[in-house]
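Trainee: Going line by line, the protein sequences match chains A and B. Quick note: the first sequence, position 86, residue 86 per the numbering used here, numbers continuous. Quick note: the second sequence, position 55, residue 55 per the numbering used here, numbers continuous.
These are calculated hints, taken from the structure and not from any lab test. Some hints here could point you the wrong way.
[What the hints assert, rightly or not] Cβ-Cβ distance ranges computed for the label pairs, FRET-style:
no.: 1; chain 1: A; residue 1: Ala351; chain 2: B; residue 2: Lys64; range: 50 to 60 angstroms
no.: 2; chain 1: A; residue 1: Arg142; chain 2: B; residue 2: Arg62; range: 34 to 44 angstroms
no.: 3; chain 1: A; residue 1: Pro118; chain 2: B; residue 2: Arg62; range: 42 to 52 angstroms
no.: 4; chain 1: B; residue 1: Asp28; chain 2: A; residue 2: Leu195; range: 14 to 24 angstroms
no.: 5; chain 1: A; residue 1: Gly350; chain 2: B; residue 2: Glu7; range: 22 to 32 angstroms
no.: 6; chain 1: B; residue 1: Glu36; chain 2: A; residue 2: Val90; range: 49 to 59 angstroms
no.: 7; chain 1: B; residue 1: Lys64; chain 2: A; residue 2: Pro118; range: 56 to 66 angstroms
no.: 8; chain 1: B; residue 1: Gly40; chain 2: A; residue 2: Gln336; range: 37 to 47 angstroms
no.: 9; chain 1: A; residue 1: Ala351; chain 2: B; residue 2: Glu7; range: 19 to 29 angstroms
no.: 10; chain 1: A; residue 1: Gly309; chain 2: B; residue 2: Glu36; range: 40 to 50 angstroms
[What the hints assert, rightly or not] Calculated lysine to any residue pairs in the SDA-like style (CA-CA distance at most 20 angstroms, straight line):
no.: 11; chain 1: B; residue 1: Lys64; chain 2: A; residue 2: Gln73
no.: 12; chain 1: A; residue 1: Lys377; chain 2: B; residue 2: His9
no.: 13; chain 1: A; residue 1: Lys373; chain 2: B; residue 2: Val34
no.: 14; chain 1: B; residue 1: Lys64; chain 2: A; residue 2: Gln72
no.: 15; chain 1: A; residue 1: Lys50; chain 2: B; residue 2: Lys8
no.: 16; chain 1: A; residue 1: Lys91; chain 2: A; residue 2: Pro102
no.: 17; chain 1: A; residue 1: Lys377; chain 2: B; residue 2: Asp25
no.: 18; chain 1: A; residue 1: Lys373; chain 2: B; residue 2: Thr42
no.: 19; chain 1: B; residue 1: Lys2; chain 2: B; residue 2: Arg62
no.: 20; chain 1: A; residue 1: Lys377; chain 2: B; residue 2: Asp22
no.: 21; chain 1: A; residue 1: Lys377; chain 2: B; residue 2: Leu35
no.: 22; chain 1: A; residue 1: Lys377; chain 2: B; residue 2: Asp27
no.: 23; chain 1: B; residue 1: Lys8; chain 2: A; residue 2: Arg328
no.: 24; chain 1: A; residue 1: Lys373; chain 2: B; residue 2: Asp28
no.: 25; chain 1: A; residue 1: Lys377; chain 2: B; residue 2: Lys8
no.: 26; chain 1: B; residue 1: Lys8; chain 2: B; residue 2: Asp27
no.: 27; chain 1: B; residue 1: Lys2; chain 2: B; residue 2: Gln57
no.: 28; chain 1: B; residue 1: Lys8; chain 2: A; residue 2: Gln73
no.: 29; chain 1: A; residue 1: Lys373; chain 2: B; residue 2: His9
no.: 30; chain 1: A; residue 1: Lys373; chain 2: B; residue 2: Asp22
no.: 31; chain 1: A; residue 1: Lys50; chain 2: A; residue 2: Thr169
no.: 32; chain 1: A; residue 1: Lys50; chain 2: B; residue 2: Gln57
no.: 33; chain 1: A; residue 1: Lys138; chain 2: A; residue 2: Pro102
no.: 34; chain 1: A; residue 1: Lys373; chain 2: B; residue 2: Leu18
no.: 35; chain 1: A; residue 1: Lys373; chain 2: B; residue 2: Val58
no.: 36; chain 1: B; residue 1: Lys64; chain 2: B; residue 2: Thr42
[As the list claims (entries may be wrong)] So these bits of chain B aren't anywhere near chain A, every CB distance computed over 12 angstroms:
no.: 37; residue: Met1
no.: 38; residue: Asp22
no.: 39; residue: Val34
no.: 40; residue: Glu37
Every residue gets a Cβ at the ideal spot worked out from N, C-alpha and C, and that includes glycine.
Given next are the chains, with one letter for each unit.
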Amino acid sequence: MSPTTRVVIVGASVGGVATALQLREEGFDGEILLIGDERHLPYDRPPLSKQLLAGDFTVDDLALQPAEVYAQQRIELLLGSAATGLDAVVKQVELADGGRVPYDVLVIASGARARRLPNDAGSACWYLRTLDDALAFKAALRPGSHIAIIGAGFIGLEAASVVTGLGCTVEVIEPQPVPLAGPLGAELGARIQALHENTGVRFHLGQTPQRIEVNDDGRTNVVLDDRTVSADHVLVGIGTIPNTEWITDNRIDTSNGVLCDEYCQAANDIYAVGDIARVLDTRTGRHVRVEHRMTPPAHATTVARHIMGVEEAFRGIPYFWSDQPGVRIQMFGRPQPGAESVVAETNDDGARFVVHFVRDGQIEGVLGWNAAKLLAKHRGLLVNQDATVH
Amino acid sequence: MKVEVNEKHCVASGACVLAAPDLFDQDDDGIVLVLEEHPGETRHAAARRAAAACPAQVIHLRDKEGAVA
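The shape of chain B in the complex, shown without the other chains:
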């Protein structure tokens, strides 16, 4: 799985950090930072929770073929 974010649309809610603190962080303005671009299998559920929690849908998860995971 690959984690992609679109910083332009980030609204700095911090929802991703709350859902998956080991995968995401925020800069001083609250904009999303990806800590782990290729999370292992055990973290996929957390990555999905973070993507679902994001109010601006800036987190996109792709599988190896690039499809939406």
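Isolated chain A, as found in the complex:
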């Protein structure tokens, strides 16, 4: 392999930034160019639906790194610039302004975007994926505003919790019969639903939005299977779509994110990190795409080392957290469907507890309910617990 002198990273969110910094940590001395389509300095996304929306954080609080770090670490930033194409033969990334950027090694960190509701009536619906999304939605809120939230996933329910706290009233619409039953199981999902109902949130479960209508008075109607919800604002949180359209090289499999080997490598001199990367887990033989906040830095370490000639397969334990009314949920692991949930330890009369997700006698996940400290020791019971947490 010829010496790498220029690494180009497409995507200036947590995965891209972590890869750039980790390359310097590993002693990479060449050029690093970090390209991002948003105009903001690289920022952190989880607070968008939490502290930023609540008003506890300012935009400056979201910075992934102090601005001076990029110059100190000789990381060149090209912000407000979208990648639109890839020519892996001549090793160039094409940009929206027609520019072409040559690379020796390319790192794909372009992440995912909010999945749009079909027929969302143009700008009648709000989303919470980017800083601009969050600032616009926040600016539109007034105390007493009535908000319809489509999607009872983590983002939708976190937003429900925050806007209720801001004095808004909320109705949540979800096609599934129980919120969060997929990731957490029906029992915990129902418990989280009850937390929200206690704060006045009303749920429409098993209901699929058919269409969005904007009224003359400015209110928006969400037409469901057998009823209509009318609101001042409609917020949509129905998942994401990987940003793979610019990867116009047919040697790279982009059918669900970017298919990678266990070193996060998609092709010769091309890697992928973060939400977009579908990485081979050598323990199970499966390729997994994980959209959690701690996965991108873990991928970044694998990639930076591999670029520097150290072959260390990615072996991670997924981790996420979510803030629900009065409760912080944390989970290590990734239980497969059908895992049984068992309360393993409780504290403070049940206010804090740890749940194990067990399948075939193996603990595939451990969840803490207001139990961060307690959870640390349970993490060690997970299968493959020797791996890096991400």
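Assemble the complex: chain A is given as a structure, and chain B must be docked to it using the hints.
Mentor: Showing chain B alone in chain A's frame:
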């Protein structure tokens, strides 16, 4: 090296404790506790791993002059 943390932004992931158990701990709510504010040279790499692993970037390492280390 000096280890500074911003508890307000801590998300209680415990990533720092996993990366550097002799430098960090968590309180009952999982919020970060610094065990060693001025780690010796041999622990600098562990401190850097912990700072890099933190999902909320609340761990900041400073050199003697106060610059980002």
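Trainee: Give a verdict on every hint.
Mentor: We went through each hint and held it up to the structure:
1. A:Ala351 <-> B:Lys64: 50 to 60 angstroms: With a Cβ separation near 44 angstroms, Ala351 of chain A and Lys64 of chain B fall outside 50 to 60 angstroms, so the hint is violated.
2. A:Arg142 <-> B:Arg62: 34 to 44 angstroms: 42 angstroms, holds
3. A:Pro118 <-> B:Arg62: 42 to 52 angstroms: 51 angstroms, holds
4. B:Asp28 <-> A:Leu195: 14 to 24 angstroms: Once the Cβ atoms are compared, 20 angstroms apart, the range 14 to 24 angstroms for Leu195 of chain A and Asp28 of chain B holds.
5. A:Gly350 <-> B:Glu7: 22 to 32 angstroms: Since Gly350 of chain A and Glu7 of chain B have Cβ atoms about 27 angstroms apart, the given range 22 to 32 angstroms holds.
6. B:Glu36 <-> A:Val90: 49 to 59 angstroms: The hint (49 to 59 angstroms, Cβ to Cβ) holds, given that Glu36 of chain B and Val90 of chain A are roughly 50 angstroms apart.
7. B:Lys64 <-> A:Pro118: 56 to 66 angstroms: Cβ of Lys64 of chain B to Cβ of Pro118 of chain A: about 58 angstroms, so the range 56 to 66 angstroms holds.
8. B:Gly40 <-> A:Gln336: 37 to 47 angstroms: 44 angstroms, holds
9. A:Ala351 <-> B:Glu7: 19 to 29 angstroms: Check passed, 22 angstroms falls within 19 to 29 angstroms.
10. A:Gly309 <-> B:Glu36: 40 to 50 angstroms: 33 angstroms, violated
11. B:Lys64 <-> A:Gln73: Since the Cα atoms of Lys64 of chain B and Gln73 of chain A sit roughly 18 angstroms apart, the hinted pair holds (cutoff 20 angstroms).
12. A:Lys377 <-> B:His9: With a Cα-Cα distance of about 23 angstroms, the restraint between Lys377 of chain A and His9 of chain B is violated, given a limit of 20 angstroms.
13. A:Lys373 <-> B:Val34: 15 angstroms, holds
14. B:Lys64 <-> A:Gln72: 17 angstroms, holds
15. A:Lys50 <-> B:Lys8: Distance ~13 angstroms between Lys50 of chain A and Lys8 of chain B Cα, so the pair holds.
16. A:Lys91 <-> A:Pro102: 6 angstroms, holds
17. A:Lys377 <-> B:Asp25: 12 angstroms, holds
18. A:Lys373 <-> B:Thr42: Not satisfied, since the Cα-Cα distance of roughly 27 angstroms exceeds 20 angstroms.
19. B:Lys2 <-> B:Arg62: Judged against 20 angstroms, a Cα distance of about 5 angstroms means the pair holds.
20. A:Lys377 <-> B:Asp22: 16 angstroms, holds
21. A:Lys377 <-> B:Leu35: 19 angstroms, holds
22. A:Lys377 <-> B:Asp27: 14 angstroms, holds
23. B:Lys8 <-> A:Arg328: Holds, at roughly 15 angstroms.
24. A:Lys373 <-> B:Asp28: 5 angstroms, holds
25. A:Lys377 <-> B:Lys8: Cα-Cα ~24 angstroms, so violated.
26. B:Lys8 <-> B:Asp27: 14 angstroms, holds
27. B:Lys2 <-> B:Gln57: 16 angstroms, holds
28. B:Lys8 <-> A:Gln73: Not satisfied, since the Cα-Cα distance of roughly 27 angstroms exceeds 20 angstroms.
29. A:Lys373 <-> B:His9: Measuring from Cα to Cα gives roughly 17 angstroms; hence the hint holds.
30. A:Lys373 <-> B:Asp22: 16 angstroms, holds
31. A:Lys50 <-> A:Thr169: Holds, because 17 angstroms separates the two Cα atoms, which is no more than 20 angstroms.
32. A:Lys50 <-> B:Gln57: Distance ~16 angstroms between Lys50 of chain A and Gln57 of chain B Cα, so the pair holds.
33. A:Lys138 <-> A:Pro102: 39 angstroms, violated
34. A:Lys373 <-> B:Leu18: Holds. Lys373 of chain A to Leu18 of chain B sits at ~12 angstroms (cutoff 20 angstroms).
35. A:Lys373 <-> B:Val58: 18 angstroms, holds
36. B:Lys64 <-> B:Thr42: Roughly 16 angstroms separates the two Cα atoms, so the pair holds.
37. Met1: 15 angstroms, holds
38. Asp22: For Asp22 of chain B, whose nearest Cβ neighbour in chain A is about 15 angstroms away, the distance exceeds 12 angstroms, so it holds.
39. Val34: 16 angstroms, holds
40. Glu37: 20 angstroms, holds
Violation of the numbered hints given earlier is confined to hints 1, 10, 12, 18, 25, 28, 33; the remaining hints are satisfied by the structure.
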